[in-house]
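Colleague: Single-letter residue listing:
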Amino acid sequence: MDHVDEVWTLQRSTADGKLAGVCSTVATRYGVDPLLVRLVFVLLALSAGIGLAVYGAAWLLLPSDKEPVPVIHRLLPASRGLSRSTWQVLVVVATFLVSLVFGQFLTIGLGPVLVVGALWWFGVIKPRGAVTARRSAALPAAASEGQFLYEAQQWRTRVDAQVPGVDWRLPAAGPGRGAPRPAVTPVLLPQGPSAPPAQPYSWQPAPWANTYEAQPVPYAASAPRPPATQWPVVDHASAPEARARSRRRRWLAVAAPAGALAACVVLVLFGVTGVGPYVAASLFPFGLALIAATWLGRPRGLLPVAVALLAITLVSLGPTQASADYSYRPDRTADLPQTVSAPVGDVLLDLTDLTEASDRVITVQVAAGNVRVICPDHVNLVVEARLGAGSFLVHDAPQEGPGTFVYQQQPDPSAPTLTVIVELALGDLEVMAP
Amino acid sequence: MKLDVAALVVGLVCVAVAVLALAQHFARVTVTHLGVIAPVTLIAIGVVGVLASRRNHHP
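Residue numbers (our numbering), protein chains in the order written: chain C, 1 to 434; chain Z, 1 to 59.
Think of the hints as simulated: they come from the structure by calculation, not from any bench.
Ideal placement from N, C-alpha and C gives every residue a C-beta, glycine not left out.
Mixed in with the good hints, there may be bad ones.
[Unchecked claim] Here are some chain Z residues pointing at chain C (derived, C-beta under 10 Å):
hint	residue
1	Leu-8
2	Ala-21
3	Leu-22
One chain only, chain Z, in its complex shape (with noise of 0.2 Å):
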């Protein structure tokens, strides 16, 4: 079955924002911190994004 790759992408990207925010208004997450988390869940969402893309055209 062919995967909707940027509905996983950006699915992944509205989730990871949305804890994020959450985090910074109910647990005050420092941007220290956010300069590590943001850069590798961004990376984490890519590499899920391109073997999904890699899935539908080589099944």
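In isolation and in its complexed conformation, chain C is listed as follows (with noise of 0.2 Å):
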């Protein structure tokens, strides 16, 4: 079977899945560590997003093995008409969007993914292969009459060991399909002279079998039927539990967007700006569900919420806070350090909360490594870059190095000035004014 076939007929376990059961199922069937497949959806998914693709398309498009429509067929019952190369297409074409959006501030890039993929089709697939090509290779009979009959002969075998004497071998050459079955009877194999005369075949049951095969069916219809007292009793004390559980789970299912609703109700009421806020802080209860959902049980649909809201709030940090190694954001001139030495490393000045400047000098010293200054707006500044091999960039314009370069802003001369000098052997310094 074709491996891109083989996927068609995976079916997502609903009982060993954490998410939607994607990695169970593919550690399942191609027997992984489950552990490990989930640790490579994470692995993906942080390179470019192509983990997310990957996995929602499985989600959409693979049955569960509780619901046998796929949950795109259940969304959009139109897509019942498209065929699977549509799919797969489609599938490649979001894939591909995604990994150009998550992309931008996913800085991984595309090496995990080559990684990965090698060591799946040299660890996984092949080695599958190699152990159906020699399975094929021994079971000639397989290979011409396919594999019910190569069971059927295996299990004809095994009999006879039991039996002596009887030939319970299938003609090379069988009846095609649809062709009249002959009638399966036994072969009297020639006997020695010493062998016991050879009987025609009845079933008897295997020695070891007579201690198992002698006991009594239970319950069988010639058998009396036992007291009805002696029947098993259903425990009824765990319908009003497991009617509780869910009560609690409902609770949960509600509890956790009004808290998110509250926190961006209180978040309007002290006048916060930007999305990443309200993001976060609707994050924040729906973390809290998802704790008391390890002992409460878990509300259908509150994971996949709480991981995208998740999502959306590492995005919401964005790359110029969490790319930086070295960052600062001060309110007051007093709260920026005299000297920012990084002899490797990402430096990063933000001063556009600054509120009260003072005349003011800071050195920032980088050996190998990157320097953006955000301007304030409305403070006297001078940036002094002392450039060994890089670029030093304002408003877009790049000077190259060596050399020393200088922006100056003065909002209001008689305001006191707060001097950056920026010394970088290797490295681009960035200013973005205002």
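Now that you have both chains on their own, put them together as the hints suggest.
Modeller: What follows is the structure in structure tokens.
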């Protein structure tokens, strides 16, 4: 079977799954540890979001063991007419688009995808193919007659081992599909002079099976039924417990979005702007609800919503804050260090919140890395750059080093001036002016 | 009683990230601190998850 066709035969396991059961299904089918598959999907998710696209596609397109209709067909009944090839093209296109969007801030790149793909192909797919080929080579009957006839022959061989003298072998060339099947009759093999005379086959339980076969079948039709008091008693006490658990789940399902709404209302009342704080404030009650769900039971949909909010929150943190090794965003110049020294690394000096300025000189020394200075719009500022190999960028106009470059702004000449001296041996200095 | 370890771990991560994001916005947590806080938090959450998982499998 083709590997792509094999994927379409997968059925999501709802019993072992954590989210949608995709990882556990893949792990079960290919004989890999589920934890390993989950880690791989997380790694792929960090690789330009490809893992998210693949997981989402598997969730939408694969049926589950409880619901034979794929999710996408329930959401979009009109999509039932699309062929598998069409879906495969759509998945590839969707994955490409997702990687374009997420690749802007998930900077790991596509390297892990290639590594995982190579490991999967050479570590899982190829060994499975080799094992299948070896089995096929060892089973000539199976190759010509199909797996069913081979299994039947193996079964008869085992029966033959229990009943010597009877040959159950199939004919070399079996009848084709649809041809009338010959009646199966035992063939008596010629016996040696010392062998006992062969007897026509009649089923007898194997000696080792006598103990088990001798057991009476409980509740057989011919056996007398036990008194009613001996029938299994249903534990009706579990029903109220199940109802209480369902009630707690419903309560959590309401409490999480209600908490998120309340948190957003508080932020609105405080006049907070920007998407990031609102998403983070919404994520917080969902996280608390999930922790409570550890003991109270997890409502349906709580985990996917929380994971989605988590992803949005991580995105909203933004590359400007998360990508720098040394980041400063002071309210007052007094909060800034006198010297920022980084042998290797990126430095972010975000002065947009600077409300109180004073005459001060700050030195940033970086051997290799990038420095970004985000200027305030109402403070006198001088940025003096002493560059080795690298660029000095102001207003997207690069000036190549080595050399000394100066940027200054003076909205109020009578006000104090903050001076930033950047000594950068290798790397770029970007001044983001207001 | 069997614990829902997935909910516990994801919930802890969600709360940690939410607190971090809010602190980043309101308290100006620097990335230098984040480089210490984030790994320690993730390791702690991982340990909690492993312990909870062991509790489920070995009552």
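Colleague: All the hints need checking, so say for each whether the structure fits it.
Modeller: How the hints compare with the structure:
Look at Leu-8/Z: its Cβ gets to within about 4 Å of chain C, closer than 10 Å, so that hint holds up. Against a cut-off of 10 Å between C-beta atoms, the interface hint on Ala-21/Z holds, since the closest Cβ of chain C lies about 4 Å away. About 5 Å separates the beta-carbon of Leu-22/Z from the nearest beta-carbon of chain C, less than 10 Å, and the hint is met.
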